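Protein chains: 2
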Amino acid sequence: MFIADIRIKLKKGVADPEGKNTLKAMELLGFSQVSEVKTSKFFSVRLNTDDESDARSQVERMCQNLLANPVINEYSYELRPEKEA
Amino acid sequence: MFIADIRIKLKKGVADPEGKNTLKAMELLGFSQVSEVKTSKFFSVRLNTDDESDARSQVERMCQNLLANPVINEYSYELRPEKEA
Chain A
386 MFIADIRIKL KKGVADPEGK NTLKAMELLG FSQVSEVKTS KFFSVRLNTD DESDARSQVE
446 RMCQNLLANP VINEYSYELR PEKEA
Chain B
386 MFIADIRIKL KKGVADPEGK NTLKAMELLG FSQVSEVKTS KFFSVRLNTD DESDARSQVE
446 RMCQNLLANP VINEYSYELR PEKEA
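Taken in sequence, the protein lines are chains A and B. The numbers in the first sequence follow the numbering used here, run straight up by one, and end at 470. The numbers in the second sequence follow the numbering used here, run straight up by one, and end at 470.
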């Protein structure tokens with residue numbers, strides 16, 4: 386089994402209001418050295434396959450068809466074998 | 386300058402409806418080998434300090450006071466020096 390750690394970021398230039406508001410809140414709380422906050426979304430997906438290239442192609446399709454919006458998002462991921470419990 | 390990559394996860398046992406719905410959507414799209422989806426939140430924070438232990442203590446305070454809800458979240462982070470542009 387594999388776990389895919391998928392990160393969905395906003396493309397460069399796309400507005401990130403949540404990040405902007407988090408930055409504002411940090412400033413109000415006295416964190417004066419923070420100059421930028423960017424947010425992104427993270428999915429950990431467990432795949433019941435032992436074939437790494439199969440897992441990789443499934444993750445690619447997931448990102449393209451469901452998780453990422455190609456207009457505003459870019460995605461990256463890491464695959465790791467799941468440790469047996 | 387440092388960039389802190391902060392990940393805010395749900396604690397074990399806390400409901401993750403977004404993850405559950407994403408799993409359902411994947412099944413509907415034909416991804417039959419997915420058995421679990423967990424979501425989490427990611428913040429990249431740029432800190433204008435060159436003192437790593439100072440950066441680390443600021444990030445700890447941010448997580449505890451603003452980014453993570455101690456009832457349902459746990460946080461982890463990595464600090465990396467920012468490459469000069």
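Hints should not be assumed to be uniformly reliable.
[As the list claims (entries may be wrong)] List of simulated lysine-lysine pairs, PhoX-like, C-alpha gap at most 20 Å:
hint, chain 1, residue 1, chain 2, residue 2
1, B, 397, A, 394
2, A, 426, B, 394
3, A, 409, B, 396
4, A, 405, A, 423
5, A, 426, B, 426
6, A, 423, B, 397
7, A, 468, B, 397
8, B, 468, A, 409
9, A, 405, B, 396
10, B, 426, A, 468
11, A, 397, B, 396
12, A, 397, B, 394
13, A, 396, B, 396
14, B, 468, A, 426
15, A, 409, B, 423
16, B, 426, A, 405
17, B, 468, A, 423
18, B, 423, B, 397
These are calculated hints, taken from the structure and not from any lab test. Just so you know, these numbers come straight off a predicted model, no measurement behind them.
Here is how each hint holds up against the structure:
{"no.": "1", "hint": "B:397 / A:394", "result": "25 Å, violated"}
{"no.": "2", "hint": "A:426 / B:394", "result": "11 Å, holds"}
{"no.": "3", "hint": "A:409 / B:396", "result": "27 Å, violated"}
{"no.": "4", "hint": "A:405 / A:423", "result": "8 Å, holds"}
{"no.": "5", "hint": "A:426 / B:426", "result": "5 Å, holds"}
{"no.": "6", "hint": "A:423 / B:397", "result": "26 Å, violated"}
{"no.": "7", "hint": "A:468 / B:397", "result": "17 Å, holds"}
{"no.": "8", "hint": "B:468 / A:409", "result": "24 Å, violated"}
{"no.": "9", "hint": "A:405 / B:396", "result": "26 Å, violated"}
{"no.": "10", "hint": "B:426 / A:468", "result": "23 Å, violated"}
{"no.": "11", "hint": "A:397 / B:396", "result": "31 Å, violated"}
{"no.": "12", "hint": "A:397 / B:394", "result": "25 Å, violated"}
{"no.": "13", "hint": "A:396 / B:396", "result": "29 Å, violated"}
{"no.": "14", "hint": "B:468 / A:426", "result": "23 Å, violated"}
{"no.": "15", "hint": "A:409 / B:423", "result": "28 Å, violated"}
{"no.": "16", "hint": "B:426 / A:405", "result": "15 Å, holds"}
{"no.": "17", "hint": "B:468 / A:423", "result": "17 Å, holds"}
{"no.": "18", "hint": "B:423 / B:397", "result": "10 Å, holds"}
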